[in-house]
Every structure is written in C-alpha cells, then in structure tokens.
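Number of protein chains: 4
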Amino acid sequence: MKEYKIHSGWQNTLHEVIYEADTPMGKIFDLLLFVLIILSVILVMLESVDEIDENYHRPLLVMEWIITGFFTLEYIARIISIKKPWKYIFSFYGVIDFISTIPLYLSYILAGSQVLIAVRAFRLLRIFRILKLVKFMGEASQLKSALKASRTKIAVFIYVVLILSVIMGTIMYLIESDEAGFTSIPRSIYWTIVTLTTVGYGDIAPETNFGQFLATVIMILGYGIIAVPTGIVTVEFSKHGKEKAGTNVVHTNTQACPSCTAEKHRDDAKHCYNCGELL
Amino acid sequence: MKEYKIHSGWQNTLHEVIYEADTPMGKIFDLLLFVLIILSVILVMLESVDEIDENYHRPLLVMEWIITGFFTLEYIARIISIKKPWKYIFSFYGVIDFISTIPLYLSYILAGSQVLIAVRAFRLLRIFRILKLVKFMGEASQLKSALKASRTKIAVFIYVVLILSVIMGTIMYLIESDEAGFTSIPRSIYWTIVTLTTVGYGDIAPETNFGQFLATVIMILGYGIIAVPTGIVTVEFSKHGKEKAGTNVVHTNTQACPSCTAEKHRDDAKHCYNCGELL
Amino acid sequence: MKEYKIHSGWQNTLHEVIYEADTPMGKIFDLLLFVLIILSVILVMLESVDEIDENYHRPLLVMEWIITGFFTLEYIARIISIKKPWKYIFSFYGVIDFISTIPLYLSYILAGSQVLIAVRAFRLLRIFRILKLVKFMGEASQLKSALKASRTKIAVFIYVVLILSVIMGTIMYLIESDEAGFTSIPRSIYWTIVTLTTVGYGDIAPETNFGQFLATVIMILGYGIIAVPTGIVTVEFSKHGKEKAGTNVVHTNTQACPSCTAEKHRDDAKHCYNCGELL
Amino acid sequence: MKEYKIHSGWQNTLHEVIYEADTPMGKIFDLLLFVLIILSVILVMLESVDEIDENYHRPLLVMEWIITGFFTLEYIARIISIKKPWKYIFSFYGVIDFISTIPLYLSYILAGSQVLIAVRAFRLLRIFRILKLVKFMGEASQLKSALKASRTKIAVFIYVVLILSVIMGTIMYLIESDEAGFTSIPRSIYWTIVTLTTVGYGDIAPETNFGQFLATVIMILGYGIIAVPTGIVTVEFSKHGKEKAGTNVVHTNTQACPSCTAEKHRDDAKHCYNCGELL
Numbered sequence: 001m002k003e004y005k006i007h008s009g010w011q012n013t014l015h016e017v018i019y020e021a022d023t024p025m026g027k028i029f030d031l032l033l034f035v036l037i038i039l040s041v042i043l044v045m046l047e048s049v050d051e052i053d054e055n056y057h058r059p060l061l062v063m064e065w066i067i068t069g070f071f072t073l074e075y076i077a078r079i080i081s082i083k084k085p086w087k088y089i090f091s092f093y094g095v096i097d098f099i100s101t102i103p104l105y106l107s108y109i110l111a112g113s114q115v116l117i118a119v120r121a122f123r124l125l126r127i128f129r130i131l132k133l134v135k136f137m138g139e140a141s142q143l144k145s146a147l148k149a150s151r152t153k154i155a156v157f158i159y160v161v162l163i164l165s166v167i168m169g170t171i172m173y174l175i176e177s178d179e180a181g182f183t184s185i186p187r188s189i190y191w192t193i194v195t196l197t198t199v200g201y202g203d204i205a206p207e208t209n210f211g212q213f214l215a216t217v218i219m220i221l222g223y224g225i226i227a228v229p230t231g232i233v234t235v236e237f238s239k240h241g242k243e244k245a246g247t248n249v250v251h252t253n254t255q256a257c258p259s260c261t262a263e264k265h266r267d268d269a270k271h272c273y274n275c276g277e278l279l
Numbered sequence: 001m002k003e004y005k006i007h008s009g010w011q012n013t014l015h016e017v018i019y020e021a022d023t024p025m026g027k028i029f030d031l032l033l034f035v036l037i038i039l040s041v042i043l044v045m046l047e048s049v050d051e052i053d054e055n056y057h058r059p060l061l062v063m064e065w066i067i068t069g070f071f072t073l074e075y076i077a078r079i080i081s082i083k084k085p086w087k088y089i090f091s092f093y094g095v096i097d098f099i100s101t102i103p104l105y106l107s108y109i110l111a112g113s114q115v116l117i118a119v120r121a122f123r124l125l126r127i128f129r130i131l132k133l134v135k136f137m138g139e140a141s142q143l144k145s146a147l148k149a150s151r152t153k154i155a156v157f158i159y160v161v162l163i164l165s166v167i168m169g170t171i172m173y174l175i176e177s178d179e180a181g182f183t184s185i186p187r188s189i190y191w192t193i194v195t196l197t198t199v200g201y202g203d204i205a206p207e208t209n210f211g212q213f214l215a216t217v218i219m220i221l222g223y224g225i226i227a228v229p230t231g232i233v234t235v236e237f238s239k240h241g242k243e244k245a246g247t248n249v250v251h252t253n254t255q256a257c258p259s260c261t262a263e264k265h266r267d268d269a270k271h272c273y274n275c276g277e278l279l
Numbered sequence: 001m002k003e004y005k006i007h008s009g010w011q012n013t014l015h016e017v018i019y020e021a022d023t024p025m026g027k028i029f030d031l032l033l034f035v036l037i038i039l040s041v042i043l044v045m046l047e048s049v050d051e052i053d054e055n056y057h058r059p060l061l062v063m064e065w066i067i068t069g070f071f072t073l074e075y076i077a078r079i080i081s082i083k084k085p086w087k088y089i090f091s092f093y094g095v096i097d098f099i100s101t102i103p104l105y106l107s108y109i110l111a112g113s114q115v116l117i118a119v120r121a122f123r124l125l126r127i128f129r130i131l132k133l134v135k136f137m138g139e140a141s142q143l144k145s146a147l148k149a150s151r152t153k154i155a156v157f158i159y160v161v162l163i164l165s166v167i168m169g170t171i172m173y174l175i176e177s178d179e180a181g182f183t184s185i186p187r188s189i190y191w192t193i194v195t196l197t198t199v200g201y202g203d204i205a206p207e208t209n210f211g212q213f214l215a216t217v218i219m220i221l222g223y224g225i226i227a228v229p230t231g232i233v234t235v236e237f238s239k240h241g242k243e244k245a246g247t248n249v250v251h252t253n254t255q256a257c258p259s260c261t262a263e264k265h266r267d268d269a270k271h272c273y274n275c276g277e278l279l
Numbered sequence: 001m002k003e004y005k006i007h008s009g010w011q012n013t014l015h016e017v018i019y020e021a022d023t024p025m026g027k028i029f030d031l032l033l034f035v036l037i038i039l040s041v042i043l044v045m046l047e048s049v050d051e052i053d054e055n056y057h058r059p060l061l062v063m064e065w066i067i068t069g070f071f072t073l074e075y076i077a078r079i080i081s082i083k084k085p086w087k088y089i090f091s092f093y094g095v096i097d098f099i100s101t102i103p104l105y106l107s108y109i110l111a112g113s114q115v116l117i118a119v120r121a122f123r124l125l126r127i128f129r130i131l132k133l134v135k136f137m138g139e140a141s142q143l144k145s146a147l148k149a150s151r152t153k154i155a156v157f158i159y160v161v162l163i164l165s166v167i168m169g170t171i172m173y174l175i176e177s178d179e180a181g182f183t184s185i186p187r188s189i190y191w192t193i194v195t196l197t198t199v200g201y202g203d204i205a206p207e208t209n210f211g212q213f214l215a216t217v218i219m220i221l222g223y224g225i226i227a228v229p230t231g232i233v234t235v236e237f238s239k240h241g242k243e244k245a246g247t248n249v250v251h252t253n254t255q256a257c258p259s260c261t262a263e264k265h266r267d268d269a270k271h272c273y274n275c276g277e278l279l
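Protein chains in written order, with full-length UniProt numbering: chain A, 1 to 279; chain B, 1 to 279; chain C, 1 to 279; chain D, 1 to 279.
What you were told as hints is all true, and nothing was included just to trick you.
Repeated chains share a single entry, so a pair holds when one copy, or any two copies, can fit it.
In silico DSSO-like cross-links for lysine-lysine, where the CA-CA straight-line distance does not exceed 27 Å: (1) LYS239 / LYS144; (2) LYS239 / LYS148; (3) LYS144 / LYS27.
Please keep in mind that the hints were generated in silico from the structure rather than gathered at the bench.
The whole structure should be built from the sequences, with the hints applied where relevant.
Structure below.
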C-alpha cells in the first residue's frame, strides 16, 4: 500500500477553500480571486494611458502592491495545502500563478523593463481555472473537441492561405511601386493577408490598374475561401451534437485530488481515478 | 370570484383599436403609428444635418410638436382604456411609450440637452410592438429561439475573443510605438478587436516588421474564428427546423387581454390564459 | 379553334436563330451577342478613363456605333419574327433590349447626359438571357429557390440590423465630435453599417475612448451577427438538396414558344404548355 | 511482353531516395529539400528589403548559389534515375523543378530582370510534392473534392457578384466625384468589390449623401451574400463526410512507379496500376 504525507486538518480545509468550489468559503475565495485578476488587468491598462499614469501613479502602485500581496499569499497557500507541491509548481497553472506573482518584485531588479507589463497581462489566463467551475464549461469543451477534430483540415487550409499569400505578395511587389507602400516582399505579403482575410486597413493599397485588378482577384478569393473553415467547423459541430446524444454522461464535480491535483472526479467517486488517493 | 373595474363601451372600443389589429380601425391605427414613428426618427436625423437644420428649423419643430401631440394622446388613451393601468405603465412597452412622449417637453426644462436626441431615437423600439402583428414574426421567434439555444456557446466564444484581444493588445502595445497609434493598452485592444473582427479601419496600423507579423497572425486567427459562431448557429438552426416539424402548432391572434395585456391567445380562446378575464 | 397570324418560312427560321440555341446558327448568334454585350460594357469602362478617352475617342465611338447598329437590327428582328410582338416589347427582356439599343441615339438629343452611361451598363443584364441556355443554370435556380425560401428570415435579419444601426448611429453621433467625421446622424448610421458589416473604411473612425469602446461592441456584434444569414442559407441549402433527391426531373430544352415566348418546354412537348401553339 | 530500359542498381537506389519517402534516406532527402525550398523563398524575401540587401548582398548571393547548385544536381538526378525522362520533364512537377533551377543562371543573361524574383517565389509550389507524403493529405483531398463538387455553384455565385459589381460600380461613378477617388468606371468597380467583399480599404470612399447610402446597400448585400458560398461548401462537406463512411478505403503508399511516375499504389501492389512495370 502506498503511503502519503499525512495532511493535518487545517491543510485539508485550506485545500478545500483554494482548490474546490463546492463549499461557501471556496466560492467566496474564487469570486475574490476573479475580481482581483480582472482588477489587476485593468490596472495594467490604466497605467498605460499617459494622462492617467501621470495623475494617479501612486494609487495605482498601491493597488498593484495589494494585489501582488494577495497573489503571493495565495501562491504560498496553494503550495503548503497540497500533498505533492512539486507537481503543482511545475503544472501549467502553477507556472502561471508564479508568473502572476513576480512582476512587481522583478520591477525593482529589472527597472523599467517593458516586458513586465506583458507578464502582468498574462494573469488573465488564471481566469480559465476559475471558470472551469462554471456550468458553461461543458459547452466550451464541446467547442474545443469540435475544433480539435477539424484541426488537420484547418491546418491544410491555413497552409494553402499562406502559400497563396507568399506568391500573390511577391507578384504585387513586382507590380506596385514603393510609393503605394509595397516596399518589400514581406510587406507585400502582409498586405496580401490583410486583403485575403478581408481586414483591409488601407495603410497599403494598390494604385496601378493592374495592381487593383489583382487585388480584386485576391479579395474575391478571400471572400470565397472563408467558406472553407466555416464549412469544416459546422460539419464537425453537427457531428458532435449527434454523437453526444449517444454517449453516457457522467456527472463530475469541481473537486481536485489533494494529492495529484487531478480533476473532474465523478460525483460518486471515493478515490482519485488517477492516483487512488481518498477524496 | 375576482372582481374587475367594469369597462364602459367606449373604453372597450378604444382598447380594441389601440391594442389589437383585427378590426379595420385597429389596422389603420397601427399603420398611422408606424408612419409617425418612422417619421419622428427621420426628423431626428434631419435635424442633425447642419445645413437642413439651419434652413428648416421651424417646420421640423412643428412636425415634432404634431408627433409629440399624437404620442401624448395615444399614451393617455392606452392608460384609460386598460383595466389595470399600472401594469401597462411599468411594462416594457409602457416605459418605452412614456420615454417616446416626453423629449420635447423635457427640452424646455433641460435646454440644449444632447441626450434627448438619443431618447428620440429609442422611439424606433416601438416599431417592434406593431410588427408583432405582422406574419413574419413567426420566423423572428424561430431565429430568436435558435440564438437563445446557442447563447452559452456564443458567450464562451465572445469570452475567448476578449481574452485573446487583451493579451494580443498588450503585446502589440509593447511592440509598436506611439507614432503608429498604439498610445495605450486600451487603444491597442481596440485595434486588436478591429483586426480580429476583420473590420480593419486603418486609423491605427502596425509599422514595425514584427508588429505587422503579429497583426498577420491575429488576422488569420480572426478569419478562422468567425467559423465558430457560424457553425454554432447553423447547427442550432437545423435542429430547430427538425424539431418544429414535430410540434403541435397552435394558431394565435393579435388580441391583448384588456385586463393584464397578456398576448398570443389561441384563436378559439374565450378567456385570457393568464388572468382568466373574458376576451 | 384559336387562330394565329400565319408565320412565313423566313420568320420561323429567324425565330429559331434568335430565340433558341438548339441549331448551329442559333448558337453562333448567341455567341456573337454575348461577345458584343461584353464588348459594349468594356467600351463604357474605357470611355470613363480620361487618358484613354482623350486619345481614342474616335475609335471608341465607331465601335459604339457598330454595336448600336447590331443591337438595332437585332431588336427589329426580334419584333418581326415573333407572332405577338407587343407581348415581347413589354416583357422584361423586351424592355432591357430597347434600353440597350437607344443610348447612342439619345446622346444626340440629350447631349452630355451622364445617365446614358449607366443605361449602357445595364446591357449586362442581357447576358442572363443568353446564360439561361448554359447548363449551370440548373444550379442557379437551385440557389435562387434556396434564397427564396429563406427570404422572410433574411428580411427579419436585415430589419434588426437596420434598427440596431439607427440606434447605435445616433448614440455614436452624440459621443463623437464633428472632427472625427460624425457630422450628422445619417453619417453616423453610415459609419455604423460600415462597422457592423466589418467593411471598415476608416474614413470615419471614433477618437474618444468611449466611442472606441462602443465601436468595439458594434464590431463584435457584427462579427457574431454574420452567423445568422449563413446559418439560414446553409440550412435551406441542405433542405433543398434532400428534397431534390425525391422530385421527378423533367428534361427541358431551350425552345421558346413562337407565339407567347414561354420557355422551358419539355423535351417531348409538341404544344406550348402556356398557349397551346404548336412548337 | 513489353521491354523497358534496364535500370542498374545505383539508379534504382537513387530513384527510391528521390521519388519515395519510405526509406530513411528518402525521408532525409525530402526533409533537406523542404528546408532548402523554404530557405530559398526566405532569401527572396530578405533580398527585397532594401536595408538587408545593402548590408548582406554577398552572403545572400552565396546562399542562393548553394541552393541553385543543389537544385541543379537534384534536377539532373531526377532525370537520370527515371526510366522515361521525357515524361518527367514535361510533367507539372518537372516544369516546376526546371523553373526553380534556372533563375540564377538566367540573371546573368537577363541582367536586372524583375520577373526572376517572381519565378523564384514559385519554388514554393515544389513543397506540395513533398507534402503529398505527409499524412494530412487525405484531408486535403477531401477538401478538394468538396470544393470540386460545389464548383458550378461557386461559379454562378462569382458571376452574379461580378455583374453586380459592374452595375453598382458604374452607378457610383456617376454619383461620386473624382475627388472622392471615383476617377473612372474600372476604379469604381474596384471600389465596389472592395466594399462587397467587406475588405474596405478606405483609399476610395463615397463622400456624397446618396453615395454613402448606396455604399450602405452594397455593404449589407455583401454581408448577406457571403452566406451563399458558405452554405454551398458546408452542405457539400457534410455530404462528403457521409459518403466517405460508405466507401471502401484502400491504403496507398508513397512509392512512385520508376517507369511512368504514377503514384498512390496500393500497399500490396506488385505492379504499377498504370503501366504494369514491377514496383
């Protein structure tokens, strides 16, 4: 028989609050986390607006410190309340949690580093963990599996789009002059994709007659090509809808195994399906 | 037995004209209302064009007074011809009717208030009540139920689009300079959504090579992502088409209960299905 | 028994050449007509290009005279070779043929009239008559019947889009200043439709923060809304594909009744299904 | 019995390496070819960027020489290792291979010719041959056959879009002035297609009220029309998915017949299905 590090009572309670959403405390914790993540991302946005940053630099910094403080405590709590800390630390969400915590500390070491802003934006990814608890995740997983099934078809599609863009971009580079914005082949390819996907900024636009004719061809191509991914995904969706009707649905809850963090246990499960640990 | 305020004859006639569209008078009333609503919205538009407002300010104002007069009378008639006035006043259309009536009166209290223009545009919503009488509302309700059924899936979809926009927008803000228009993260997110939805104004456009490369990635993502809502809605539509074939269709008429304003009574109904009042 | 004006032999031959495509002569005639229509439209285009018109005004005019001459002869031949000329003259294609013939003559009466250019472009519509003979018209009629079946749904959809555009356009007019291009409500509505349909010129673009936020909402709405017509049409297409499998196909030919110009007679028809005239 | 030129041992080995991907050597060869093709296309792109070409002209030229050398050797090897060289030389890939090899040699004859750049971009097409070996080609052929089946419908669709563009373009030319960019009918048609396909550059944009109204109509048309190809392709995809379930799948390998280059032999084939040559 396997032996696990014995968890004391407070650790079990902490585990339930942090990793699960079945108890009232767990729900409050998740809600608080949700609000703080959104808040921290809004802070990053506000700081980037020059007028706001000039006038409210101090309060913004204070709030960032509060959020960082909470994230630090949460990160430590997550480690001490789990039986196999290393498994958590190197899991996807473990790394995201760590990255979410450190930017402010790092800003004193790497003063003025712009990259830290991007790192703070990545905190948004943490939301996905909280949302896994919400009911519509079933829908999301259905979407995901439909997209997964049409993965190869979509890859072929994107591949053809790229080849087309390179060839068309090169031809447009030869036809159009530098004045119209076609200064190099990569830039022409950029223009071709802008056109093919029907985005059409207009920062670069053909000026010669033949260039405009070719642009027209690319547009109609792009207009027609968009039917392909739509067709693929639609067929895949309708397949999945039909399959689902025939499968046996198992009700799962939001518990995570205190030992290995495996999730989606059956409602009537007594042991973790992954490591056998008692739930 | 419940007791209701007894309606006199003229009140019943008024109720029939205003709330129903089965009698010739009721149809004429609805048509007149339809024309006046459209007219009042066109008036708002014309007033906003400087050249027109300068030259025709007086006739425009006169017409606005005529429309407001009619709306006022109609609003009063609606209240006195119904048995439970408060139920109407606080219903969705009751509020819309009130808001449609007051802008001109308010303009003498709140002189120069711009918001009144928007309020006048909301009159358009009144059209939906008239249209409920038109035959193609059956189709609309089919569309609505299909959209309702795919609501959660579409919410998940929009959610993913927003997360993607925030992260991509932040990265673009770091890459691109202020000159290209990426002056703050919110503005970069605005640009990302402009690109992802293939709108592509071109008021903000990446100028660096790496920025243009990332823009390309966002475009192809957006081009592919559009397949998802299309797939969802298509599958839902085809489901509803099939279900409909098996349901029992009940023919309804355009009568509204004189007591509780409940609608869509069966053609052979003698009593309101909601409050039991005789129809 | 009904009596018809007796057609002499040359009239019958002419009728066969002009109205049908089963004989070699009929095919050559249709091909010639096809080339001349395309040519006449290209002429209109070339004339509109200033550099070309300045240098080649005379040859362009000569060619226009040749085409007009042919169209005039053809129009006369169509009238004299048919038994009931008035029926042809006031038919859809009869009117189009007349309009296609007169612009050059009119240009001497209404000197410098720009509208004649548009009239000449309408000649393109004549192509549809020739194409009715081509095999893929079966496909076109399938497309058409699918679109017809989803007509009401698409009307509801466009209606909702328009209401949305008026309300959103009015709000944007209030928010954005004249400098950004939102000079009047009609122009703001124009911008809203440009945005909602994901066209996005960028000639008008929001500049305030709140305006850009609302623009973002409109874009995502437009991005999602596009799924609706696609879903409608797709479901209709798949229905029609299934129905078609069960219908009895009748083979028709390209003959037109010499008396009443009715078309799509069965291959084995001896009499016109419309007027009983011998084919 | 037919007689073939007897292949010596090294020719057979060479054939296996170059034309097949079942042996380790064949796989390495294909990978090398893949890398060189991508590299040669990147070289073309880099050369077109002025700053890069000025500073690194020499190394870029050296690399182009290395790639051309490899392609030359490969082309010769392909010819000598096959039994019927002429069949290869005039095959699609034979011509592409030849064209891929010559640009650098030609650049000494046709000094400064821009067209050679485009020719070098066509090397990308060679990738398709290598990819035929990769597993997801099955998906691609499914996509292809679905597109093929909906070919006529798509042709009708593009035809209608073009007619619409010409007529709408002509009308817009008459309405809008030269200042707005509508300088000639071809340019107006270019604008119409830009609008109809929802690309919307904004280099040309209507300025008059009526022009903007018409533009609005074109946009909503384009927004609705996009549903048609999507519907067609989706229905075709779902048909193919169903048909596939009923067909007998034959497993093929990547061998090419050493005599006639026919491909897609059954895994258990002993003779070429095309020419009977022993595999």
